Amino acid sequence: MKAILTVIGKDNVGIIAGVSSKLAELDVNILDVSQTIMDGYFTMMMVLDLEKASNSFAEIKESLSEKGSALGVQIKIQREEIFTSMHSL
Amino acid sequence: METKQILETIRMIEEEKLDIRTITMGISLLDCIDSDGAKARAKIYDKMTRRAENLVKTGAAIEDEFGIPIIHKRISVTPISLIAGASQDENYTAFAQTLDEVAKTTGVNFVGGFSALVQKGYTLGDRKLIQSIPEAMATTEFVCSSVNVGSTRSGINMDAVKQMGGIVKETAARTADQQGLGCAKLVIFANAVEDNPFMAGAFHGVGEEDCILNVGVSGPGVVKRALEKVKGQPFDVVSETVKKIAFKITRMGQLVGREASERLGVPFGIVDLSLAPTPAVGDSVAHILEEMGLESVGTHGTTAALALLNDAVKKGGVMACSHVGGLSGAFIPVSEDAGMIDAVNRGALNLEKLEAMTAVCSVGLDMIAVPGDTPAETIAAMIADEAAIGVINNKTTAVRVIPAPGKAVGETVEFGGLLGHAPVMAVNRHKSADFINRGGRIPAPIHSFKN
Chain A
1 MKAILTVIGK DNVGIIAGVS SKLAELDVNI LDVSQTIMDG YFTMMMVLDL EKASNSFAEI
61 KESLSEKGSA LGVQIKIQRE EIFTSMHSL
Chain B
1 METKQILETI RMIEEEKLDI RTITMGISLL DCIDSDGAKA RAKIYDKMTR RAENLVKTGA
61 AIEDEFGIPI IHKRISVTPI SLIAGASQDE NYTAFAQTLD EVAKTTGVNF VGGFSALVQK
121 GYTLGDRKLI QSIPEAMATT EFVCSSVNVG STRSGINMDA VKQMGGIVKE TAARTADQQG
181 LGCAKLVIFA NAVEDNPFMA GAFHGVGEED CILNVGVSGP GVVKRALEKV KGQPFDVVSE
241 TVKKIAFKIT RMGQLVGREA SERLGVPFGI VDLSLAPTPA VGDSVAHILE EMGLESVGTH
301 GTTAALALLN DAVKKGGVMA CSHVGGLSGA FIPVSEDAGM IDAVNRGALN LEKLEAMTAV
361 CSVGLDMIAV PGDTPAETIA AMIADEAAIG VINNKTTAVR VIPAPGKAVG ETVEFGGLLG
421 HAPVMAVNRH KSADFINRGG RIPAPIHSFK N
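These protein sequences, in sequence, are chains A and B. Residue numbers for the first sequence follow the UniProt record's numbering, beginning at 1 and rising by one. Residue numbers for the second sequence follow the UniProt record's numbering, beginning at 1 and rising by one.
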C-alpha cells in the first residue's frame with residue numbers, strides 16, 4: 001500500500017530528520033520526497049511504501065501525529081488513491 | 001503526483017468542507033415477511049444487524065486511511081408497507097421501533113424506509129402504515145419515513161395528498177415538545193427513486209438486489225471556491241468550472257464506495273451526484289448561486305442560476321463514476337443551508353420562489369418551517385403543487401415542511417445538528433380546502449405536444 005505524507009508547519013531545525021527517523025522506526029520506506037517553503041511555511045510531501053510496515057495504518061497515523069506535535073508541525077498520512085483518483089483518469 | 005494537486009485535495013477537505021455525506025446500505029426485507037408481525041420484526045432485526053454489523057466500523061476505517069470525512073452511515077430498507085402488509089397488525093409503529101433498535105445496535109445515523117408507495121392507490125398495508133406515521137415519528141429517533149403520492153406514469157393520488165396534509169400536521173403535534181421535529185423525518189414524494197442514499201427519503205426499491213451500498217457526495221464549498229476564481233466571466237466558463245469540480249468530487253464518492261463495497265463484501269450500487277449543504281459556514285448551495293452574481297438567493301435570476309448549477313454538476317459527475325443514481329443534483333433545504341436562512345431573514349426568499357426553484361433542482365420544498373396554524377389542506381395543496389411539478393416535468397419532487405407548533409412568521413425553529421435551524425416562512429393565507437377535499441386522482445400527463 002502506498003501513502004502520501006504531508007508535513008506543514010513553521011520551519012525549524014530537524015523536521016526532515018525527525019520525520020524520516022520515525023518512518024525508519026516504523027519500517028516505512030520513503031519512495032519520493034519533495035520539500036519547499038510556501039508562504040513562509042515548511043511544506044514537505046513524501047510518497048511512502050507501507051508494504052513492509054510492522055504496524056497497522058491507524059497506529060502509523062497515530063505515532064506520526066504524535067511526532068508532529070513534538071516537532072511543532074502538522075503531519076498527515078493518507079492513502080495515495082485519494083489523490084490519484086481525483087486528479088488522474 | 002504534483003505537489004499542487006496534493007495540496008488542492010487537502011485544501012478541499014480541510015478548508016472547503018469536501019466530504020462524503022453518506023454511505024447508505026440498502027437492505028431488502030422481502031425475505032422477512034411473515035404473517036406474524038412479531039416474527040417478521042425479529043427477522044428484520046436479525047437480517048439488518050447482520051448485514052450492517054460492520055458498516056460504521058468500516059466507514060470509520062476508510063475515513064481514517066483516506067483522510068476524507070464520511071459524515072453519515074445509514075441504512076435504507078424495502079418500504080415497510082410491503083413487508084408489514086402480510087401481518088395482521090393494525091398499527092405498524094412497532095416496525096418503526098424495530099428499525100430504531102437496529103440503528104442503535106449498529107450505530108448508524110438514520111434508517112430510511114418506513115415508507116409507502118401510493119401513487120396510484122392504497123393497499124391495506126399502505127393505509128395502516130400511513131396512519132402509523134405520526135406515532136412512529138414521535139416514538140423513534142433515527143427512523144425516516146416517506147410516502148410517494150404521484151408519478152409521471154400514474155398521475156397524482158389526490159386522496160393520498162389530502163391525507164398527507166393531515167399526517168404532517170399530526171406528526172408536528174405529536175412532536176410538539178421538539179418543535180415538530182418528527183416532520184423533519186417525513187418526506188412526501190412524486191417520482192421517488194429506488195436507490196436514493198439521502199434522508200429522509202431513502203428506501204430500498206423492490207427492483208434492487210438483496211444488499212447494496214450507495215454513496216452520496218457533497219461539497220458546495222468546493223464549488224463556491226472554484227467559482228470565486230472566475231468572477232465576472234461568461235456562463236460558459238462557469239459551467240465548465242462546475243463540471244470540472246463536480247468530476248473531482250464525484251471521484252471521491254466512487255473511490256470510497258468501491259473501497260467500502262470491497263471491505264464489506266456488498267455490491268456497489270450508485271453514486272448520487274449531489275451538492276448537499278450543511279448549516280456550517282462555507283457549506284452552502286445558496287452561496288454558490290450568489291457567487292454567480294446574485295445579490296441574494298431568491299432574487300430574479302435564481303432559478304436560472306440553479307438550473308445551470310444542477311445541470312453542470314450532473315455533467316461533470318457522470319463520467320467520474322461507474323453508475324449514477326439517486327436524486328443527483330443540488331439540494332436546496334432551507335434550514336440546512338446558512339445562505340438560504342439568511343436570504344429568508346432578509347426577505348429575499350419566499351415559498352413561491354422556492355417552489356419555482358424546485359422545478360430545476362434535485363428535490364423540492366425541503367426543510368421549510370411554516371406557521372403552526374397552517375391548515376392541513378394548505379399543506380396538502382403545497383404537496384399537490386410540488387407533485388404536479390414533478391409529474392409534469394418527469395423529475396423527482398418532494399415536500400418536507402414543518403408546521404412548527406405554536407410558532408408564527410418571524411420566529412425560528414431549532415433542530416440542531418445537520419438539520420440546522422429554520423426561520424418560520426409565510427404561507428399564502430387563502431384557502432385551498434375545497435380543492436383538496438375533492439379527492440380522487442389527477443390523471444397521468446400526456447408526453448407529446450411538449451410546450
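Honestly, the hints are just simulated from the structure, not real lab data. Bear in mind the structure is a predicted one, so any value in this text is a computation, not a measurement. Cβ coordinates follow ideal geometry from the N, Cα and C atoms, glycine included. Worth double-checking, as some hints may not be accurate.
As the list claims (entries may be wrong) - Among the chain B residues that face chain A by a calculated CB cut under 7 Å, a handful are: (1) Thr-3; (2) Thr-9; (3) Phe-66; (4) Gly-67; (5) Lys-104; (6) Leu-255; (7) Ser-261; (8) Arg-263.
Stated by the list, open to error - DSS-like mimics (lysine-lysine), calculated; alpha carbons at most 25 Å apart, straight line: (9) A:Lys-2 x B:Lys-395; (10) A:Lys-76 x A:Lys-52; (11) B:Lys-353 x B:Lys-120; (12) B:Lys-395 x A:Lys-61.
- Message: Please check whether Leu-255 of chain B passes as an interface residue: C-beta within 7 Å of a C-beta belonging to chain A.
- Response: holds (4 Å)
- Task: Using Cβ atoms only, decide whether Thr-9 of chain B comes closer than 7 Å to chain A, and label the hint accordingly.
- Result: holds (5 Å)
- Query: Should the hint that Gly-67 of chain B touches chain A count as held when the rule is a Cβ pair under 7 Å?
  - Reply: Where the cut-off is 7 Å and the nearest Cβ of chain A is about 4 Å from Gly-67 of chain B, the hint holds.
- Could you check if Ser-261 of chain B really has its C-beta closer than 7 Å to a C-beta on chain A? Because about 14 Å separates Ser-261 of chain B from the closest Cβ in chain A, which is outside the 7 Å limit, the hint is violated.
- Query: Does the CB of Thr-3 of chain B sit less than 7 Å away from some CB of chain A?
  - Reply: The hint holds - Thr-3 of chain B has a Cβ within 7 Å of chain A, the shortest such distance being about 6 Å.
- Holds or violated: are the alpha carbons of Lys-395 of chain B and Lys-61 of chain A at most 25 Å from each other? Outside the cut-off at roughly 45 Å; violated.
- Please verify that hint: Arg-263 of chain B, Cβ, nearest Cβ of chain A, below 7 Å or not. Status violated, d = 13 Å.
- Does Lys-353 of chain B pair with Lys-120 of chain B here, judged by a C-alpha cut-off of 25 Å? violated (29 Å)
- Supplied contact hint for Lys-104 of chain B, tested at 7 Å Cβ to chain A: Cβ of Lys-104 of chain B sits 25 Å from chain A, so the hint is violated.
- Decide if the proposed pair is consistent with the structure: Lys-2 of chain A and Lys-395 of chain B, CA atoms, cutoff 25 Å inclusive. The hint is violated at about 43 Å.
- Task: Compare the distance between the alpha carbons of Lys-76 of chain A and Lys-52 of chain A with 25 Å, and conclude whether the hinted pair is satisfied.
- Result: Roughly 20 Å between the alpha carbons, so the hint for Lys-76 of chain A and Lys-52 of chain A holds.
- Task: Would you settle whether the hint for Phe-66 of chain B is holds or violated, based on the nearest Cβ-Cβ distance to chain A being less than 7 Å?
- Result: holds (5 Å)
Consistency note: the structure conflicts with the earlier hints numbered 5, 7, 8, 9, 11 and 12.
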